[in-house]
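Top line first, the protein sequences correspond to chains A and B. The first sequence runs contiguously to residue 193 in this note's numbering. The second sequence runs contiguously to residue 363 in this note's numbering.
Possibly wrong hints are sitting among the right ones.
As a list, the in silico DMTMM-like pairs of lysine to aspartate or glutamate whose alpha-carbon atoms are at most 20 Å apart [to be verified]:
{"hint": "1", "chain 1": "A", "residue 1": "93", "chain 2": "A", "residue 2": "58"}
{"hint": "2", "chain 1": "B", "residue 1": "236", "chain 2": "A", "residue 2": "8"}
{"hint": "3", "chain 1": "B", "residue 1": "220", "chain 2": "B", "residue 2": "284"}
{"hint": "4", "chain 1": "A", "residue 1": "114", "chain 2": "B", "residue 2": "275"}
{"hint": "5", "chain 1": "A", "residue 1": "114", "chain 2": "A", "residue 2": "96"}
{"hint": "6", "chain 1": "B", "residue 1": "220", "chain 2": "B", "residue 2": "296"}
{"hint": "7", "chain 1": "A", "residue 1": "114", "chain 2": "A", "residue 2": "45"}
{"hint": "8", "chain 1": "B", "residue 1": "236", "chain 2": "A", "residue 2": "7"}
{"hint": "9", "chain 1": "A", "residue 1": "114", "chain 2": "A", "residue 2": "65"}
{"hint": "10", "chain 1": "A", "residue 1": "93", "chain 2": "A", "residue 2": "65"}
{"hint": "11", "chain 1": "B", "residue 1": "220", "chain 2": "B", "residue 2": "275"}
{"hint": "12", "chain 1": "B", "residue 1": "236", "chain 2": "A", "residue 2": "52"}
{"hint": "13", "chain 1": "B", "residue 1": "236", "chain 2": "A", "residue 2": "69"}
{"hint": "14", "chain 1": "B", "residue 1": "220", "chain 2": "B", "residue 2": "278"}
{"hint": "15", "chain 1": "A", "residue 1": "114", "chain 2": "B", "residue 2": "278"}
{"hint": "16", "chain 1": "B", "residue 1": "236", "chain 2": "A", "residue 2": "67"}
{"hint": "17", "chain 1": "A", "residue 1": "114", "chain 2": "A", "residue 2": "67"}
{"hint": "18", "chain 1": "A", "residue 1": "42", "chain 2": "A", "residue 2": "32"}
{"hint": "19", "chain 1": "A", "residue 1": "93", "chain 2": "A", "residue 2": "52"}
{"hint": "20", "chain 1": "A", "residue 1": "93", "chain 2": "A", "residue 2": "51"}
{"hint": "21", "chain 1": "A", "residue 1": "42", "chain 2": "A", "residue 2": "7"}
The hints are simulated quantities; they were obtained by calculation from the structure and are not laboratory data.
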Amino acid sequence: MNPRIPDDVLSETTMQLLASSTLRRYLRVAREYGGALSLSEKLIENNSLQEEIVARLESLSQSLENEEERPAEEAEIALWLVALSDARVPIRKLLERWETYRASGLAWIRALAKRLISSGPLVSEEIEGLLGTFMQSLPAGMPEVEKDYNEPTALGQNEAALCIWLPNMFTHQHLEQKESMLFIIGMVVVILG
Amino acid sequence: LNKAFTIFIHMTNPPTQALPLSARNGKPISNSRVAPPSQQQLKLAEFSFRLIVAEATRLAPPSGLYNCHGLVFASRRANIPDIQDTLPIGDLLRWDGYLPIREQPVQVGDIAAYLDETGDVEHTGIVCEIDSMGIVPVIWVWSMWGGLGEFRHRATQSPYSQTIQYWRLQ
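The task is simple: from the sequences and hints, build the whole structure.
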């Protein structure tokens with residue numbers, strides 16, 4: 001068991017995570033209990049701790065890949081993933097690995113990873129870089145647009161860029177609902193490019 | 194051929210997949226069925242858990258097949274909503290014809306909805322008994338605590354919020 005999280009907190013967190021019926025509550029529980037231990041602050045102050053925890057989570061991601069029941073390590077994983085994300089440690093690849101696992105025992109961790117990937121600063125920072133590349137690739141004469149990515153979303157890179165490019169036509173939610181339109185727009189961009 | 198088709202359907206539709214569910218008004222209800230907690234995970238939760246269940250009665254074992262809303266809205270058949278979904282349970286109650294009780298006393302069969310700090314429903318259960326302690330009613334609720342199992346418990350004795358709103362079928 002990870003020595004940095006006291007057993008009583010792991011027990012309480014496990015119980016509350018198991019009692020959760022929605023991802024919203026699940027995320028709130030992980031954030032509350034991690035916050036009580038100041039996990040994010042500890043990660044920000046200590047780079048070697050970041051490396052140690054990321055290595056630990058990578059190791060767990062390999063050992064639990066095929067779990068068919070919810071593993072005992074779920075609380076530890078949830079606490080650290082949320083803390084790392086809140087501390088803005090770049091863990092997108094780690095989150096994506098958790099998100100791709102299809103073992104039924106990892107359903108909640110998979111959903112959590114997906115939510116963390118799609119939420120707030122993690123996405124915004126990556127979209128900033130992506131947007132620059134994308135705008136440079138556009139032909140002259142394309143309309144100027146405003147950037148707006150306050151809405152948490154789980155868009156892929158191309159979709160995200162298109163979403164920023166066309167904010168007046170689509171919000172992120174609309175984009176999810178109008179996948180066929182997205183395809184058409186994507187084709188137009190490819191042709192114009 | 195029929196048998197082969199049945200086997201094919203079973204293989205392509207394992208019991209973890211969602212069921213076709215809809216509310217009274219016909220709106221679809223997202224749902225899923227996930228893995229149960231492992232024995233090690235339950236053991237880890239046990240220390241905190243036993244303090245809460247001291248006065249509760251366990252009615253069914255831990256499960257990944259249904260959650261509290263699955264017990265209330267889907268006869269134990271699925272988790273509602275799907276883990277990835279954000280369906281507001283207040284909306285689902287309305288779709289099914291429930292309205293919040295304003296001034297009437299709570300009665301058996303009402304739905305106890307536990308509200309989080311933002312007013313969203315984080316847990317539901319069914320009122321199964323009402324005792325009286327002097328003039329104060331003691332409300333007992335039958336609910337599924339996530340994947341931890343079903344319990345008959347006092348309304349205010351659970352892992353959930355203490356803000357409880359009661360809803361009644363109209």
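Taking only the CA atoms, is the gap from residue 93 of chain A to residue 65 of chain A under or equal to 20 Å? Roughly 15 Å between the alpha carbons, so the hint for residue 93 of chain A and residue 65 of chain A holds.
Between the alpha carbons of residue 236 of chain B and residue 52 of chain A, is the straight-line distance 20 Å or under? Outside the cut-off at roughly 26 Å; violated.
Are residue 114 of chain A and residue 275 of chain B close enough, with their CA atoms no more than 20 Å apart? 14 Å, holds
Does the structure keep residue 114 of chain A and residue 278 of chain B at a Cα separation of 20 Å or less? Judged against 20 Å, a Cα distance of about 12 Å means the pair holds.
Are the Cα positions of residue 236 of chain B and residue 7 of chain A separated by 20 Å at most? Since the Cα atoms of residue 236 of chain B and residue 7 of chain A sit roughly 12 Å apart, the hinted pair holds (cutoff 20 Å).
Pair hint residue 114 of chain A and residue 67 of chain A, alpha-carbon separation not exceeding 20 Å: Holds. Residue 114 of chain A to residue 67 of chain A sits at ~18 Å (cutoff 20 Å).
Given pair status - residue 7 of chain A, residue 42 of chain A, alpha carbons within 20 Å: 18 Å, holds
Taking only the CA atoms, is the gap from residue 114 of chain A to residue 45 of chain A under or equal to 20 Å? The given pair, whose Cα atoms are some 26 Å apart, is violated under the 20 Å limit.
Can the restraint linking residue 220 of chain B and residue 284 of chain B be considered satisfied, given a maximum Cα separation of 20 Å? Holds - the C-alpha atoms of residue 284 of chain B and residue 220 of chain B are around 10 Å apart, at most 20 Å.
20 Å Cα cutoff - pair residue 114 of chain A, residue 96 of chain A: With a Cα-Cα distance of about 7 Å, the restraint between residue 114 of chain A and residue 96 of chain A holds, given a limit of 20 Å.
Tell me if the straight-line CA distance from residue 220 of chain B to residue 278 of chain B falls inside 20 Å. Satisfied, since the Cα-Cα distance of roughly 15 Å is no more than 20 Å.
Please work out if residue 114 of chain A and residue 65 of chain A have their alpha carbons no farther apart than 20 Å. Status holds; Cα separation ~16 Å.
The structure is inconsistent with the numbered hints 6, 7 and 12, although it conforms to all the rest.
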